[in-house]
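J.: Using the supplied hints, reconstruct the complex from the two chains, each of which is provided in its own coordinate frame.
Chain order of the listed sequences is Z and L.
Letter 417 of the first sequence, counting from 1, is numbered 417 in the numbering used here, and no numbers are missing.
Letter 156 of the second sequence, counting from 1, is numbered 156 in the numbering used here, and no numbers are missing.
Think of the hints as simulated: they come from the structure by calculation, not from any bench.
All values derive from a computational prediction rather than experimental measurement.
No residue lacks a Cβ here, since even glycine has one placed at the ideal position from N, Cα and C.
Any given hint could turn out to be false.
[Stated by the list, open to error] One side of the interface only, derived from the structure: several residues of chain Z facing chain L at Cβ under 8 angstroms:
| id | residue |
| --- | --- |
| 1 | 150 |
| 2 | 235 |
| 3 | 237 |
| 4 | 351 |
| 5 | 355 |
| 6 | 356 |
| 7 | 428 |
| 8 | 433 |
| 9 | 647 |
[As the list claims (entries may be wrong)] Here's a subset of chain Z near chain L, in silico, CB distances under 10 angstroms, partners left out:
| id | residue |
| --- | --- |
| 10 | 145 |
| 11 | 146 |
| 12 | 147 |
| 13 | 151 |
| 14 | 156 |
| 15 | 184 |
| 16 | 228 |
| 17 | 292 |
| 18 | 335 |
| 19 | 379 |
| 20 | 417 |
| 21 | 478 |
| 22 | 481 |
| 23 | 554 |
| 24 | 635 |
[Claimed, not checked] Under the rule of at most 20 angstroms between Cα atoms (straight-line distance), these lysine to aspartate or glutamate pairs were calculated in the EDC-like manner:
| id | chain 1 | residue 1 | chain 2 | residue 2 |
| --- | --- | --- | --- | --- |
| 25 | Z | 210 | Z | 264 |
| 26 | L | 53 | L | 139 |
| 27 | Z | 217 | Z | 253 |
| 28 | L | 53 | Z | 653 |
| 29 | Z | 102 | Z | 253 |
| 30 | L | 428 | L | 280 |
| 31 | L | 225 | L | 176 |
| 32 | Z | 217 | Z | 152 |
| 33 | L | 53 | L | 168 |
| 34 | L | 225 | Z | 654 |
| 35 | L | 53 | Z | 556 |
| 36 | Z | 210 | Z | 106 |
| 37 | L | 53 | Z | 613 |
| 38 | L | 225 | Z | 653 |
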Amino acid sequence: MSKRPPAHLPTQATPLAARPRTAPRRIAIGVAATATFALGVWGLAMRASSPTVVPVPPASPLAGSAAAADRPAQLTLDPQPAVADQPAEQGWPSEVLANQAKHTLEALCATSTQRGTEVGVGADPQTAVAALVTPDAKVADLRPNNLVPVVDDRRLRVWRQPQAVQRTFPQQPTVAALDTIQPGPAAVARAFASLAAPWRAGPPPQVQWKVVAVQQKADTIAVSAYYEAWGPTASGAAEQHALGHFEFRQHGDHLRLATAELHDFEETVRQGQAPLLAEVTHAVVGHTAGYANEMLVGTNAWLLRTEKAAGADVIGHQGLTVGDVDGNGLDDLYVLQPAGVPNRLYLQQADGTVLERSAWAGVDWLDRTRSALLIDLDNDGDQDLVATVAWADTATTRALVVAENDGSGRFSQRGRFLVGADLYGLAAADFDGDGDLDLYACQFNPGEVTAAGFGAPLPYHDANNGGRNTLLRNDGGWRFADVTQAVGLDENNRRWSYAATWEDFDGDGDVDLHVANDHGRDNLYLNQGGMFHDVAAAAAVDDVSAGMSSSWADYDRDGDFDLYVGNMFSSAGRRIASQTHFQPAADTAVRGHYQRHAQGNSLFRNRGDRHFDDVSVASGTTLGRWAWASVFTDVDNDGWQDLLVANGMFTGDDPTDL
Amino acid sequence: MSQSPTTANQDADAGTRTALDIYANAWAALGDRVLRGQSFSGRERNCAFLNTKSDRFATVSAVVGFDAADDGRSIALTDWDQDGDVDIWVGNRSAPRLRLYRNDAADGRPSLSLDLQGTLANRDAIGARVTVRARSGGEPLLPLVRSVRAGDGFLGQHGKTVVVGLGEATAVDTVEVLWPSGAAETFSGLAIGGRYRLIQGSGRGQLLPPRPKLALAISSQVEPKRSTASRVVVGVPTPAPPLSWLDLHGQRRTWRPTPQRATLLVLFATWCAPCQTELEQLAAAAAALSTAGLGVVALAADEVSGGDTPAAVGAWLAARGWPLAQPGWLAGLADAGLVQLVETTWRALVRTRQPLALPFALLLDGSGRIAALYQGPVALATLRADLAALNGDDSSRRAHSAAAAGTWVGALPPSPIPTLDAEYSQAKLPQAALHALRWGVARDPGDASNCTRLASLLANAGDEAGAEQVLLGVLRVTPDQPQVHNNLANRLARRGQFDQAIVHYRKALAQLPNNAFVIHGLASALANTGQLQQALPLLAQAVQLDPTVPGAKADFERARALVAAQQANTGR
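Okay, chain L solo, but in the shape it has when bound (with noise of 0.2 angstroms):
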């Protein structure tokens, strides 16, 4: 069990990780588990409560029939059927998702439903109090208090009708509403049973006609088989990771996108049963597909997994009916390598952290996207259906990603890139991470967030200049952008450049003038270039804004103390 931190830098312990360090690390590993597929406080059942009049409520879950254990999450109270008892609508996290309870624990017990409406007031008179005084032959009951709400319980609002259990009662005395403009205002006349809307100021309560019973079956849900496999179509646009294997001849290529047409990269493996069925069903269909505009790269992976030479999987392959001399549909073989990259992909693009299972394919577009990701086998129909659907604009293509038609409300999502980058970087990729970054940046060249990673991956390969064109492209695009100045500035400076690396500092500067780390920045470089005069005051200013910035004081100390030194030489 970890400690919890009460700050950011409180340290645990003697050793070298902090206490936020292994608080994080737990919420990491609690999201693993579960993107893993493993249970965290899962199987829970529903519970319910039964008021006995005492202190002490009943525990009746099971009994009642609401103990149902689907990752429970919200519920909604309504007289569905309204027949004078509250019916109850449970959303869940696990299928299914939805379930609605038909009261029947009422037993004949009556009630009174009454649907408030404000006058003066709100018209749902969200916020009215209700009292309900009854009585049991001559003995009057305790009041029943209710009132209105929108919002209650958990993401949940309940129906408006004010269903009041009256329990022994028989006879309704009076119904004291009190508004939420204040006004109280009482109605009688009220049967037992009745269904009544309230109008605020009208005194008298209007019965609303019954209801037929209602025929509705009993039954429980049955929620169909789970697959395992799994198909995400990729709307928003993302690039595809560079890809290369070694042919049947052990050649190496890459896959290098091509207009008008698209790939279906499947990594399979010859021991697997299913990817046999894969490949075999996409050879016998090759010459429609084929005229569909796709071609199809398999890849095995066994040499993962223990050997076999490309001219045995070429001849296991030929078998099977693939169609070797078909233009587009090629063969050989993926190593380790190509493998993890694929792994790495799909643990970007979708919210898991399962392994990679065969068979795998990628469906990549003429463009250089991703335009789908299948784990097992995928049914031809669906193929088809995702490469058609890849002639159409990426509204079009965003729309065909979603589970069913419906709109997207909120702007388009943001760039996958980041998470591509965190991925392959942490993945050790960095080539898959350059290469996803430069397709960022050429296409939104004013991202600086991108831009400026990009940056520091060239640099980090000793790319130093690129790195520099690559934040220039950004501020030619955008050219307020702080970070990026200051970025580059640093850069400049670590090359020498002073003069250049002062404009950007001082473009920084601008836009973030109580910048700590611009300043000194800027300081360092006036310095450097034998402006300590004007570096001076700088470093004061910085280490009076911040005096954590590393070096800060050290380097004012210093300046100053070079700057009484040149004094005291010319006044001498």
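So here's chain Z without its partners, still in its complex pose (with noise of 0.2 angstroms):
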């Protein structure tokens, strides 16, 4: 007999039941004669110091109750097994039409690039795209033919078109320019083919629509869709992004293409067969202990190897820190690992390969590590160690590990600060003038964690029950005292942080503070004299979103401090949110929150004033998908200031599932 995968035992699939509660009995006393108390008797109301997360306060008499002989379940009060919302049976059929219009769009892509699968082996393309357009179906070419290069090196070439106009959306296409050409899909089959001029000579590029915005109106459907293509050329590698406006009409269970316009095109192409940035992580680190076993095995499969109780944590949230910890002049990497997996130290050597030694410098933590920064915090000359580490996804504390290090690399732990239940980003810099480093560490959850890894924020797009950043000053002799409200950090405290920088963002001398918040208001905290006061909506940065990621830098070399914060872009939350029936309760501030939720990084100006300008849409740099760090660098070296983007959120292990 073959061998075949562990088999699937098929289980009886096991419903979520509400979870038991002890009824209270009510009890009819006789006191007098004439007369009966009946009085219920129950439990104790569990008032925790911090709020739990879920359940929630009770709807009904008996849930207080409850609340004292159980204790706060971990998973879905739902009597229903837990089924995603499906989009057509709760009436949102734009979810249905977009996805119709994407399949069209890539079968279209595909067909004209000789490769369409999708629509029957064999299939003669035209006869492919005649089923993909109406009849009279008109589009211009799709590649403009009047583009120049913005940016002109020897490696890398940026071609747009003369007038790149901005555009909102939804947006429907201009009819004019669509008056010289022969309705039919021959003219689309062209129109599509050009796009991928660049490919001509090689493969045919990779291709991705993203819809962001589906209107139906009488019998067409009007969609928005980001267009990027890219892939390697016969010269080295090419990239294209626009955004697409489209007219479809029904047929049957799919769409067919009316008509269609590129907007904002821009066409990248890099001149040698070598990328910019060149992998060589193998190089430095792939000898080490630890490599093959660890850095190769994900998240998911780390999920099947360490207890629950150890901390394992399904959303991967586990930092880098550089500094140089053994005082070689060579800069060391601290890789923070899941649960149950040691920290791991990589110093760097002269051939700028890594010695592992997490254990030799007594860092090699397997407690579930978050973030961690390497800063001189008593003016020593090394660089000692600031970690968030928590040990249990239950636990309601997380310490902020302090170790000093005795100028060789190797750290003795000088204390422990329980500020916490859930720390994340920690910033670091000296707010009080007064020569050492004082350390910020922001708070996400303010208390236990679900099972499913997810706190309840609320609302959800303004939430102001979450955890509670501190401020520790640093006094020297490894004491830190927690000052966040004596220097009016406590303001606007509640929100669900993930980061935060300082940074001197009106010129004046001292270090000002920034907190980007998931699910709402960033914070900007202006610091005068010590003194902290949160003008982020003064500043016009408050940037209701889903804040993850801070980054500073002068992008326009104008003298002073521009803004980068990462947010979730969400094509999907970009077209729900701009749907009449979404939230029609709510007034126009709240979709817009919703609408600005997803539409994801932001690029806040300087002024120079105490004010900023949102300069996201019109700078491109909002469509990062679901992104984390978001940073400033200058790739180049030209002198501006470039962006970098870490992206996604759960990728599964099936690698058919989208």
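T.: Here's what the structure looks like:
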């Protein structure tokens, strides 16, 4: 018998049932001859000092009683099996149409590059295209014929149309340009084929469409979608980006294209086969202990190797920190690892490779470590360590651990500060100007997280029930004082904070503090003489969005620091938030918040008067997808700061799953 | 798409689910998806945006080579090879979890590297602002402003060396540093392409020797083939559930821990090829494993999928070398209940929602603990290692559960009992929940949370006396538990033991003097023992503290009416 992978046992699906409740019994008690008391007897409502996330405050009188005898359940309250809402059934036809539109566009690109497997093997491309378009379809050439280079270096050339017009959407395509076009599939095929011009001599590019708006009017469906294509060319590589506006008509269960236009078309061409960023990971760390068994094992696999009680988490929030730990003048790297896997300390050697020395250094911590800083806390010339360490998913304490470097790279713990349940980003600066570094720690969830790993921020789009961030003032001698409230940083300090940065954004000589918050408004605390006040709204950077990341640079070279905030871009969110029956009862401001939420990263240009201009859309830097770290750096050394964005939420192991 | 609530109690519609229920359900469904191995906003590529010196950046992720799709999380920037351009470390959720990109984009454009060192200011010069004034030929260029930061992006920290790309510059005029202490200093005479240390107050840049060019090979990282097998060593003391099965003679057997001996309980099916391989391997090593202290119970789960008799299973095993005569090596049938129990245990201890797959095995130690869970075949060497680890103390067993040698910094993790309880209860396995809670209470009689919950389950099963005993047990160990006192008081009151209830209500009240529930409870008990005069003011207080306490208001009105009636009676 041939070997098969472990067989799956057909078990009965276990429906999620409501957690057991102890029903209080009402007792009729005779007191006097003529009177009876009906007194319910129940237990104590748990008034925990930090709010629990699930279950919710009682909607019915019984729940208060149940809380005493039972502990808060970690699983859903819903007696129905947890099923993701189905768009069609829930009255979201736009989601169904979005999928159909995407399918048609993908098929059109595929057939135009002779890869039309989706429309039938061996099918004549013309026939294939005819099945995807209306008989009277009119499509102008999709790749503009008036491209000019806006960047013209030896390696990279960026082409755009002479006047790139910024548009908001949803938007109707202009009809005027189509007057000269002959209708019909042949022209449409040519139009789509024109897109693939940079790749004519080689394999076809990879293409992706992201539908961001859908509107149905009578028998026409108007769709806006981002287009991108990328792939190697004969002389190097190319990529294209554009925003498309389309009209479709329904034909059975698929959509046929009637009109199409691409705006903001951009094409970048690279000369030379080698990428501009070369991956050398294996050369540097490949030979170290833990590389093959740890760095090449993804978080999904770790969940099946580590007990839940150790703190195995699904979201993969472990960071990286760089610093010269052993004082040899070369930057080292401290890699934080999931629960049950030791953090790895890579000490750089003269040849650029590393030695793994976490055990020797005393920092081979198995606890789930999320963020760390290597900074000289005692000003003695070596890099000390600060890290946020947890040990279980239901523990209500996380520690901010502080460790002293003995100068050679060995660390001894000097303190443990229990400042929150769910600590995230760390940022250090000398806020009070007394010559030593103080510590700011973000906190996301104020209390226990649910079994799914998510808290319940309320309201979702602008939550103010999150964790409390902490400022620890360095008082020397490894003593730190919690001065958050004393310096005014407790203002608007119940957000769901992921990241923070210190920067003197108003150029007055002291460091200010920006905090990127998920589920709502960010903070910008202005430092005035060591006291802080949240000016985010006044400065127009309150950015009601899913903030994950914070980074500063003077990208326009006008002498002050501009701000880039990593948020989440969701094409689904954009589509849905623009539908009229999303949040029908909410006012315009709230719906605006939801649309902002799905917009993506935010770029704020510093005007110099403690005010920023939101140039996110105009700058073309929003489309980061589910963005995490979003940072400035001058990649090509031309003196102008560029941006890098790390993306992705959860990729499952099923290769066919979208 | 779920509507999200603004407050916890907002009703979404006329239906029975509140807005928060729907919202919580949506999150739970998402978590479920992910833990079943599906994607959510996955396969997204990283992005690079090039500053075009205009309003609009260019998207160059693919041509630059930054567009990996690894569920990227953090970015740490550093000029790793010190060749004057910034290299990029990326930390990911998916494998490969670490990437280093050497910067080959600078293409000969010059830069200036500055290591700032504070003397009055903090030594790392965090917060220093640097302004580089350079020129191209005779033309001064726009100033380049940088700062030194500790913490940037998301969960990341960059190297502190300030690398300033100079573009078309041919010379550097000055470098102004505004130190975080407020003092400003200007450095001149710095050469393009140089690396300098700038020490506060020194007035001059210290040239650092250039580093020889590194030879680092470019290569992609190859993720090893993913296995669907899972092995979780349970380092935290965790009780095995009550396990029973039908042996090959149709008799019900129950697993009981035997000191110094471990048991591997294996679920298999006769139609499962990997199971067969696994069992044959175990059988072949039976003598050695037995000597090492291991017994094995092989249970056929065929019945769940359509039946096989004990005799047939026995014959199947015998044909594959199963040592049916070996002491401690047993066989039998697993019914649907046992499978569900094992699956629920797995889901309680491992963060997954995947269905159980065969072969599945539990390693159980001599004290009643689960030592490991294996899905899929387990190599004999691994099994022996996990077996040997059982000889260690709790600390060494916890160490063995880690992926590699390391140190636990934090305190011991909390007990897994609440999670087991929640999962067993939700799967409608109350006996398993009871068993786990009893184990937890026996280990730590002062754990109020476990004890309260155990009392609740006992009461649900009709054993009120048992429930009270458990609560009294907690109080013996840790008398200052107001919740437990209140819980016990409630139960006593329900049974009509009002005098004892009053004692415990008062103890709860001593620590929670302003809790309306406790006050109401005490008042009820007083009223039920005829002490209306004392009950009345307490009811008033309860209502005042929290008018939403169910029934308190009504009871207060009633009591007031009764007292008034009594006074009217006596006054007549």
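J.: All the hints need checking, so say for each whether the structure fits it.
T.: Structure-based check of all given hints:
| no. | hint | verdict |
| --- | --- | --- |
| 1 | 150 | holds, 5 angstroms |
| 2 | 235 | violated, 12 angstroms |
| 3 | 237 | holds, 5 angstroms |
| 4 | 351 | holds, 6 angstroms |
| 5 | 355 | violated, 15 angstroms |
| 6 | 356 | violated, 10 angstroms |
| 7 | 428 | holds, 4 angstroms |
| 8 | 433 | holds, 6 angstroms |
| 9 | 647 | holds, 4 angstroms |
| 10 | 145 | violated, 20 angstroms |
| 11 | 146 | violated, 17 angstroms |
| 12 | 147 | violated, 13 angstroms |
| 13 | 151 | holds, 5 angstroms |
| 14 | 156 | holds, 7 angstroms |
| 15 | 184 | violated, 33 angstroms |
| 16 | 228 | holds, 8 angstroms |
| 17 | 292 | holds, 7 angstroms |
| 18 | 335 | holds, 6 angstroms |
| 19 | 379 | holds, 4 angstroms |
| 20 | 417 | violated, 13 angstroms |
| 21 | 478 | violated, 15 angstroms |
| 22 | 481 | violated, 17 angstroms |
| 23 | 554 | holds, 4 angstroms |
| 24 | 635 | holds, 5 angstroms |
| 25 | 210(Z) with 264(Z) | holds, 15 angstroms |
| 26 | 53(L) with 139(L) | holds, 18 angstroms |
| 27 | 217(Z) with 253(Z) | holds, 17 angstroms |
| 28 | 53(L) with 653(Z) | violated, 41 angstroms |
| 29 | 102(Z) with 253(Z) | holds, 13 angstroms |
| 30 | 428(L) with 280(L) | violated, 35 angstroms |
| 31 | 225(L) with 176(L) | violated, 53 angstroms |
| 32 | 217(Z) with 152(Z) | violated, 44 angstroms |
| 33 | 53(L) with 168(L) | holds, 13 angstroms |
| 34 | 225(L) with 654(Z) | holds, 13 angstroms |
| 35 | 53(L) with 556(Z) | holds, 7 angstroms |
| 36 | 210(Z) with 106(Z) | holds, 11 angstroms |
| 37 | 53(L) with 613(Z) | holds, 17 angstroms |
| 38 | 225(L) with 653(Z) | holds, 12 angstroms |
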